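Each chain sits in its own coordinate frame; assemble them with the hints.
Spelled out, the chains give:
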Amino acid sequence: SHETGEKIPRSFVIGRGKLPVLLRNLEQDLRKLMLPHTALHLKESGKNTLKDFVHVAGPLGVSHFVILSNTKNAPYMKVVRSPHGPTMTFKVHDFCLAADVARALLRYRAPPSIFKNPPLVVLNGFNPAEAHLKLVTIMFQNIFPVIDVKKVKLSLCQRVLLLNYDKDTKVIDFRHYAISAQPVGVSRGIRKLVQRTKIPDLRTLNDVSEFVTKSGYGSESEAENESSRVTLPQDYGRGNPASQQSAVKLHEIGPRMTLQLVKVEEGLCSGAVMFHEYGIEENKKKNKKKEEPVDDMDVDMDGEEQHEEEEEDDDADYYRQEVGEEPGEGKRNFTLLRQVPCF
Amino acid sequence: MGCLAIDLAEIVRANSRYFDELVDLIPPKFYLPADDNVEKQWVFGMTKREKREARRLTKEHSKKARRDRLDPEKFVTTLQVLQQRNEVAEAHAEKEEEDEEAKAEENGEGDAEQAPVAGTERVKSSQELRERLHKRIEAIRAERRINKARDWQERTKDASKKRKKSENKTTLANKRQKQGHKETGIVPVSSEKVPVASDMEFGRVKIDSQKRTLNRKSKEKLLEQATKLQKDIQDTEKGKDVASKHSWDAALSRASGQKVFDNPKLLRQSLKREHQRREKSAKKWQDRHDSEAQRAQEKQQTRASHIKERIDARKQRLIAKREKKLMRPGFEGRKAGFLNEAK
Numbered sequence: 001s002h003e004t005g006e007k008i009p010r011s012f013v014i015g016r017g018k019l020p021v022l023l024r025n026l027e028q029d030l031r032k033l034m035l036p037h038t039a040l041h042l043k044e045s046g047k048n049t050l051k052d053f054v055h056v057a058g059p060l061g062v063s064h065f066v067i068l069s070n071t072k073n074a075p076y077m078k079v080v081r082s083p084h085g086p087t088m089t090f091k092v093h094d095f096c097l098a099a100d101v102a103r104a105l106l107r108y109r110a111p112p113s114i115f116k117n118p119p120l121v122v123l124n125g126f127n128p129a130e131a132h133l134k135l136v137t138i139m140f141q142n143i144f145p146v147i148d149v150k151k152v153k154l155s156l157c158q159r160v161l162l163l164n165y166d167k168d169t170k171v172i173d174f175r176h177y178a179i180s181a182q183p184v185g186v187s188r189g190i191r192k193l194v195q196r197t198k199i200p201d202l203r204t205l206n207d208v209s210e211f212v213t214k215s216g217y218g219s220e221s222e223a224e225n226e227s228s229r230v231t232l233p234q235d236y237g238r239g240n241p242a243s244q245q246s247a248v249k250l251h252e253i254g255p256r257m258t259l260q261l262v263k264v265e266e267g268l269c270s271g272a273v274m275f276h277e278y279g280i281e282e283n284k285k286k287n288k289k290k291e292e293p294v295d296d297m298d299v300d301m302d303g304e305e306q307h308e309e310e311e312e313d314d315d316a317d318y319y320r321q322e323v324g325e326e327p328g329e330g331k332r333n334f335t336l337l338r339q340v341p342c343f
Numbered sequence: 001m002g003c004l005a006i007d008l009a010e011i012v013r014a015n016s017r018y019f020d021e022l023v024d025l026i027p028p029k030f031y032l033p034a035d036d037n038v039e040k041q042w043v044f045g046m047t048k049r050e051k052r053e054a055r056r057l058t059k060e061h062s063k064k065a066r067r068d069r070l071d072p073e074k075f076v077t078t079l080q081v082l083q084q085r086n087e088v089a090e091a092h093a094e095k096e097e098e099d100e101e102a103k104a105e106e107n108g109e110g111d112a113e114q115a116p117v118a119g120t121e122r123v124k125s126s127q128e129l130r131e132r133l134h135k136r137i138e139a140i141r142a143e144r145r146i147n148k149a150r151d152w153q154e155r156t157k158d159a160s161k162k163r164k165k166s167e168n169k170t171t172l173a174n175k176r177q178k179q180g181h182k183e184t185g186i187v188p189v190s191s192e193k194v195p196v197a198s199d200m201e202f203g204r205v206k207i208d209s210q211k212r213t214l215n216r217k218s219k220e221k222l223l224e225q226a227t228k229l230q231k232d233i234q235d236t237e238k239g240k241d242v243a244s245k246h247s248w249d250a251a252l253s254r255a256s257g258q259k260v261f262d263n264p265k266l267l268r269q270s271l272k273r274e275h276q277r278r279e280k281s282a283k284k285w286q287d288r289h290d291s292e293a294q295r296a297q298e299k300q301q302t303r304a305s306h307i308k309e310r311i312d313a314r315k316q317r318l319i320a321k322r323e324k325k326l327m328r329p330g331f332e333g334r335k336a337g338f339l340n341e342a343k
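Chains D and R supply the protein sequences, listed in that same order. Read in full-length UniProt numbering, the first sequence has 283 at position 283, and its numbers run on one by one without any break. Read in full-length UniProt numbering, the second sequence has 305 at position 305, and its numbers run on one by one without any break.
Same shape as in the complex, but just chain R (with noise of 0.2 Å):
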């Protein structure tokens, strides 16, 4: 019989909670009575203020509504609903209880029998809230004591994957690796490699940067080699040998962008070119060496008569003044002197 009590009470739980999951699925609007507590409003008696106050509230509240709805955090079940409005009714049915109490306590009945119902239960409760309180703090002494060796152990752990890290890290591949993958870009992640075909190529790509070709022939040399080469070629034994080989070589170059120099013409007509160019630009500073001690003394020359000029100018203007002062009417120039003076 005991045994049978314990299945069906399983039983019982299991069916609960199967319609407690099918209770969630259909939405609180459509399984739940209309609240009873919303007042109808009566609408023919209220004034045009009241009207419109009522319309405005209506709106608010059915926005408030909607962005309660859809808001994920204020998101409610069903049952939580259900739950909700149960327990306001219950507040409101403890609420009327008290009132009805007290209403009955200042009629004059009492219930003896409360009181020491509450008594044994609040003596019960404290000794039982305090049994539960010892009960929680062992619990949380024994949580934090498994808590400090997971710690510890993966603190140890982490240590010693730090030490082999670090042993990796002092290598110079690694370093080197470390420099090169230092900005973001197309590296491939380490764990999928992509199996591509042997015989499939892409565009050309930039990995390193190399260093630019360290030494650029001079002409004359590339010059050299140009004749050589062509003299080979003209070589009946091994000559078609050399040129195709050279040709095809040329060609790969030249289809990857470096330049070739095996014209020797060309390379003659450019050597000429240089040549005029220095030749001109070395003119171009003789003449200029050669005129500007004779420019500057040109210069010096304009520049001592300009200031000749100011002196003299001004010696005049002197002159002038002081010859002004004795222009007086029936006195023109100097005093010439006595006229029966011993010349």
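The following block holds chain D by itself, in its conformation from the complex (with noise of 0.2 Å):
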């Protein structure tokens, strides 16, 4: 970027596999949330390879992969540095969609202008004492640009990822806001009138007076959170000027999920196992796989090439380990299993 003289990451968010249309839209979601570095439309066919988005990510300056994919048990995501970097897989035990989260909401307001700048990150709950943990944190670090806080234009920080650990039952939540600024001490007409385009009608008042003091002074939820009031180092949006007293008010848009991260490994999806959450010792028979094939396989130019068996050995092992059963013998081979929406 100009201001950092950083590269900028960017990311492909790719589905493995036949997703069903949920998990679709879920690949849809957070393509749009990772905008504006992100491929919105890329086109991915059946035949595609992992290999082949590896190919095509050098020149195009993509470091990072989010791969969806499907089993009976649970959809799986994993997060990967592009040419040579550590792979986390995360399962997903529950998610909803963007859509699901407009319909529960009384005013979902997603305007298409949040998702022209990269969103903030915050991490909560992850010790950096254990090493995946850090691992974990480093790496949704670095999936957005880095923020020259001397340069950066507040108004321009719009949304922000939110991801919370939990350590008793090591299940990360996965949330997404949109931000927004309101001014403080000023009655809830004023407040509308300074922060909206809107003209009010003052059809039914005798007086402008009557339209100052119709709502009383001070909204209702102003009591409640003096810790989200902050002094403004610049201008927010309309009605926010800098260095005035604003509340600042999240709006969830985007996807949610519960996630729990199962594996790290070495390479792109390949290589050692570093992390395993059902312990590396029983996953080891996973491991003598891996390293052989890298070793006797052609040299690509990265050094690196992936078959497709070996990815469908990797799921049809977690089947075998999550279901105790062979896969395609259940009836419905590969079908979702989604849950309730969680609020």
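Derived by calculation from the structure, the hints in this document are not laboratory data. Here the structure is a predicted model, which is why all the values come from computation and not from measurement. Misleading hints may appear alongside valid ones.
[Stated by the list, open to error] DSSO-like, lysine-lysine: derived pairs with alpha carbons at most 27 Å apart: (1) R:K245 - D:K170; (2) R:K217 - D:K7; (3) R:K206 - D:K116; (4) R:K206 - D:K153.
If you want it as structure tokens, here you go:
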């Protein structure tokens, strides 16, 4: 970027295997989340292997992949650093689409202008003493561009991605919000007049003073959050000038997910398994399988080659482990079990 | 009795104030009687032109009145309107009185009483005026002295403040701070410190532009290091520890965007590619260099031949021109001599 002089990390959000409609929608929501530095209308066909994406990513400057895949048990999401980087595999326990959130909220506001700038990211509860959690924080911090504190415009920080780790259940909550600021200490009528472009309807009023004093001083929720009040260092939208107090409000947009980190691998969906939720020893068979092919295969330009069979083996092993039966035995193979939307 | 009188006056004043405030709350339109000076126009007796004129005037008046009503600078309370009207009425009354007096004087009635009263009033008033003037001058002088004292105090305070500031400014840390805070950005207001939970992390933020990596090791050195690492990993004693430590370090640095060169195969490939590139470019240069002398010679040859051609052509042209003059009928060519001449 011009401001920081560092490379802007770009990402691809892709699906592997045949995904049901809901997961395809989730993939689209994740693409919107990663805007603007992602390919919103990326066309992927079934014949594309991971190797193709890696080859294309180099010249385009794409550094991260987010890969969604599906098994009978649960969908999985992999976050990968592109050429040789580590792979983190998350199991998606539950998810909600942006459309579900929109239907659940009274006033869902996600204007397209907020997707013109990358989101901020906040991580909570990731204890840096544990190596895998530290890796997760670093990965998510580097998927989005660096912010130059001195030169950034506050009004361009309009979205935020929240990740919360619960160490008892080892589950990560993934939430996506839009940020808005409201001036503090003015009545609701005046606040709305200043922040919106709409001209108020004074038909029923006798005098302008009624308009000012009608809705009382201060809104109902003002007493609530003293901690959400900040003194703005820069102007933030209409009605929130610099060095004035404003209350910061978050509105949920975008998908919700409950993730659990299952696996961390050294290479791009290959290489040694550095961390496994259910223990590396139990999954040593997989490790051995992975190491041999890497040495024997013909080394490509980047020294990496992905076989489709390996991916399927991976999924098949997961299937076997999670479900306890061979893939293809059950009645309906590879269906999505989506749970009730979480609120 | 005297005390009672004072209280009564106070009470009366308080009541009058209260009523004044009440009156102010009522818009003048409802409180004051309609202005009788405004004549009601007798519409039926007017011609078309007069009616048109009247309509236009009323429109203008109403517009002006509306603008004045809403203009905050021209805002008059009910009481003020009342006072204005009273003044106008008084002026009218006085004028009428004067007219009456003039008429009466004309008629021959003179009031001797008024003149001396007026005279004494005038004398009294001039004395009073002089006293008032003196008092006023004294008051202004006193104020000036007080202001001077206050200003002097403030000036000394400012001077001490400035001295303190200049002391602070000279320290190096403050100089650096000043440099850092030159651009406006999200530098947090120092008075507010938002309490942040200890395990909360945010996106990557660039505060100070650090120097770029000082030395990038040459590829040969990197290759040495990589092969050494591989050897250590093969070594069975501490191999596992080395391997796991290295893989975590590599994963963290790759996730944060730094390149890790630990694969000797890839390094060897890249060395080979660079070597080939250098050879190719060296060969190109050599070819160019060798063929240069030859090409220069060729060019000179062609140039010389062209010049020669031009000269020859010119000579031919001149000869042809000369010969053309002698192509008279009967005389082809030059004089060959007499037939009898001894040869």
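Hint by hint, which ones does this structure get wrong, listed from lowest number up? none
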